[in-house]
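K.L.:
Protein chains in written order, with my numbering: chain A, 1 to 114; chain B, 1 to 109.
Just so you know, these hints were derived from the structure itself, not from any lab.
One should not assume that every hint holds.
What the hints assert, rightly or not - Listed next, the in silico DMTMM-like pairs over lysine to aspartate or glutamate satisfying Cα-Cα at most 25 angstroms (straight line):
1) Lys57/A with Glu92/B
2) Lys54/B with Asp101/A
3) Lys54/B with Glu5/B
Unchecked claim - Rough simulated footprint, nothing fancy, chain A against chain B, three-plus residues with beta-carbon under 8 angstroms:
4) 31 to 40
5) 43 to 55
6) 90 to 96
Each residue gets a CB set at the ideal place from its N, CA and C atoms; glycine is no exception.
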Amino acid sequence: KAGVTQTPRYLIKTRGQQVTLSCSPISGHRSVSWYQQTPGQGLQFLFEYFSETQRNKGNFPGRFSGRQFSNSRSEMNVSTLELGDSALYLCASSKLSTIADTQYFGPGTRLTVL
Amino acid sequence: GIQVEQSPPDLILQEGANSTLRCNFSDSVNNLQWFHQNPWGQLINLFYIPSGTKQNGRLSATTVATERYSLLYISSSQTTDSGVYFCAVSREYGNKLVFGAGTILRVKS
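If we strip away everything but chain A, and leave its shape as in the complex, we get (with noise of 0.2 angstroms):
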């Protein structure tokens, strides 16, 4: 079975600009989840998705959004980039979003912001 894909695996943009990452879960995960990871603050969560809805967000600015679609295909968006949003972004599959699962991570999206 086929992991979890993420395109692009890298990204260069400036500030400004708006970026669009793409995730695409495990055959048969509904739940998808974003994190970003920075080496000054780790590895944060961004937000879930479950049949098309958000059901967790973490603690981003609405500069930072996400959507899913019927396959279970997630994009997540990021408008008006800041060098800050230099990271590595993460997305995780799970099978069940009802009770805890485990999650599958991707190879991520390094995304620079010059």
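With chain A's structure known, arrange chain B on it following the hints.
P.N.:
Here is chain B on its own, set in the frame of chain A:
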């Protein structure tokens, strides 16, 4: 929110040595996972262990939920074990993991 503390922050081992990594958490949880982050950044799931003990080859983990800690044991370490080990917990409905700061493990040959 829930706090997760991992110790030690750094660990250097000689190949073949054993080690124990610890994760303390501040509240009851319904999910606890251990991950290994490889040099390319991917988080590899090691254990889903909100309570009890599990073993997988040279790795084993124990979570004592009533005392709010988990231990990851690595036996006969190899250079490929190097990397960052994270403990992550959740007490939310759904999947919202809170990560510890990680333990950086270096195994020397």
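K.L.:
A separate judgement is required for each hint: does it hold in the structure or not?
P.N.:
Consistency of the hints with the structure:
The hinted pair formed by Lys57/A and Glu92/B meets the criterion: a straight-line CA distance of about 11 angstroms does not exceed 25 angstroms. Proposed proximity of Lys54/B and Asp101/A is supported: the alpha carbons are some 16 angstroms apart, at most 25 angstroms. At roughly 21 angstroms between alpha-carbon atoms, Lys54/B and Glu5/B fall within 25 angstroms of each other, so this suggested pair holds. With 4 residues bearing a CB less than 8 angstroms from a CB of chain A, the segment 31 to 40 of chain B meets the requirement of three and the coverage assertion stands.
Check on the segment 43 to 55 of chain B: 5 of its residues sit with their Cβ under 8 angstroms from a Cβ of chain A, so the three-residue criterion for coverage holds. Counting residues of the segment 90 to 96 of chain B whose beta carbon lies closer than 8 angstroms to any beta carbon of chain A gives 6, which meets the minimum of three for the stated coverage.
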